[in-house]
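Enquirer: Protein chains in written order, with the working numbering: chain A, 31 to 396; chain B, 48 to 378.
Treat the hints with caution; some may be incorrect.
[Said to hold, decoys possible] Here are the simulated DSS-like cross-link-like pairs (lysine-lysine), alpha carbons at most 27 Å apart as the crow flies:
(1) K349/A - K93/B
(2) K93/B - K147/A
(3) K64/A - K269/A
If you are wondering where the hints come from, they were derived from the structure by calculation, not from laboratory data.
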Amino acid sequence: MKISFPHMGNLYIPLTLLFSSLGLEVVVPPPISKETMNLGVKYSPEGACLPFKLTLGNFLEAAALGADTFFMAQGYGLCRFGFYTEVQQKIMRELGYETNMALVNISQNVLQNLLRKLKELSGKSQLQVLGAVRLALVAIKVLDDLEKLLYQVRPRELRKGESTKVHQKTVDRLAQASSVSEIRRIGSEGMKELAAVGQDPARTPLRVGILGEFYVVLEPFTSSDVERRLGEMGVEITKYLYASDWVSFHMFMKLFKVFKEHKSAAEAARPYLAYNVSGDGLQTVGQTILCAEEGFDGIVQLYPFTCMPEIVAKHMLPKVSDDFRIPVLSLGLDEHSGNAGFITRLEAFTDLINRRKSLRRLEVAK
Amino acid sequence: MARIGIPRALFYYDYFPLWQAFFTALGHQVVVSDATNKGILEDGIKRAVDETCLPVKLYMGHVQNLRGRVDYLFIPRLVSLEEKHFSCPKFIGLPDMVRGSVPNLPPILDVTVDVTDNKKLTRSSLLELGKLLGASQGQLGEAYQAGLQAHRSYRARLKQGLTHAEAIRGSTPAKTAATDYLLRVALLSHPYNICDSWVSNNLIGKLQKMGADVTTADALSLGYLRQKANSLSDQIFWTFEKKLAGAAMHYLETREVDGIILVMAFECGPDSLVTELIEREVRDRLPVMTLCMDEHTGEAGIVTRLEAFVDMIVRQKSRQEAAAAKEWAQA
């Protein structure tokens, strides 16, 4: 069996660790490229959302490299995502691939479902499976911590692009690691190197919250790398969606019935949106309010074009933006998104919030 | 007595008789928005987020049509109508989306139904609604029963083959089994896509004029449809799409119809995947066509495609008949 999975940011590192430490042969799909997108778009229903098309592109490219089993999540009560694999499987079959899906239901009991599936795939003992999961979780946490630091350093760096390089170097080293101690060591070295990047202490960057749909927030290809672009325009971004948070909530907190995820965001959203609409719609509305109260300069909402939960959120965002006086830029992403249009809008948005900030400062000075 | 406004859109076509009986039994007057017209659609487009599907835009238009004419708007939040099955996120957020997009509205009565995560909500939100309208628990219970009864007889009328509009009017089937049609077509879609004749460009009427006998998924029983859907996929967790999948599998098996037309709204999330799955399953075995509609859909394009589809089936049928006649003659 050659196992593969779709890309989502740097998630291929923990997933590779997970499967290879269980003795499974892993085929990492080629990094998402224009070709991946074209391939996915060609065989997907046209009305499907971008993550559907890109993940299908990943599967097709990995299958060409010999992958025969695809690891993926599914489940009821999610948005369309929960139903992807049913259609993707059918498309692959009709194209003549005899590939299988290794599916984990993430509607409930995520940890149990994952462990069961891994045992079934690898034939290893519960203990070995738990060890592999732990390895992957450590890697996820280290990667997320590095990213959070990167977002702070980038807008303050003296030489444009340096922090990105330093961060990427650590990520590449992590991709070669194979034990918990090694991952932790590379992680802490990487954190130190990032912190040592030359920064301008006098700079006070604009603060922007990146909200929206999980996949496009985590996969920079979809948004022409909006985080890096904003960072290099001197904006400190804060993300609220991290694989590590998702894991700790869905695998552990829910297990122990500690329902804490996004609770404050849900409460803040209540006057505008009173019910979970699946996906991240509720959090987008609530977190916009929390960011405004925290003094953020603006919000960027990223979502795949036609994303149902985010479109629900988009109905309330103009009102929230008015009531809490926070600028919101909503960017719907699909296979037609072009770089140039994207950059122009980001520049206009940063100019706007920059001007707004200096006007406010003047007012205060008066 | 309060005037309760019900927008003639979305699940109006699924539940209006229930709601009407419920509010009438409580002694209130039910006001339905006007039939869709250009103004209603334009009002809706102006207020809804531009990327929303046409049915939601239309709903926003109907809400505005009721403004100033009613004391309350009834906009239920249908989250989950059967266990582990859900509505589209836009249905779940509907009352909030209306509040967020349309200003100066009368108070909204929202009843939440979520049988998967919170069964008690239906009761508690009904009680809250009762309090708002000054109804006692006993009155609520009676009205609830009246609603259910109206719903059952509505479903029965649909099963007799009445269209949604006829069944809502309450007419008894004047239609005896039609025999003078050229072909039978199943129109599979959310009722709100095909029953609003303005939005659907009178799809049903056009098909009938071309000599087609038209049937919809609502002519079959829900329990049967749910069970049938599993033979296509046991993972469909949207109540409405499951119905369509079940109907498609039913027709595939029974060959009661000569072809299937799937109608979906552009931007519809669940349909974008389930329709694809149905089409891929059906297309080699039964003529099938998908019509995707939005506010830019022109009548001419629809007519051309319908004519081509009908012509194809009629031609196929006459060839088959000729072949059968020849065989019979030779024998």
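Enquirer: Quick one: which hint numbers does this structure break? Sort them smallest to largest.
Expert: 2
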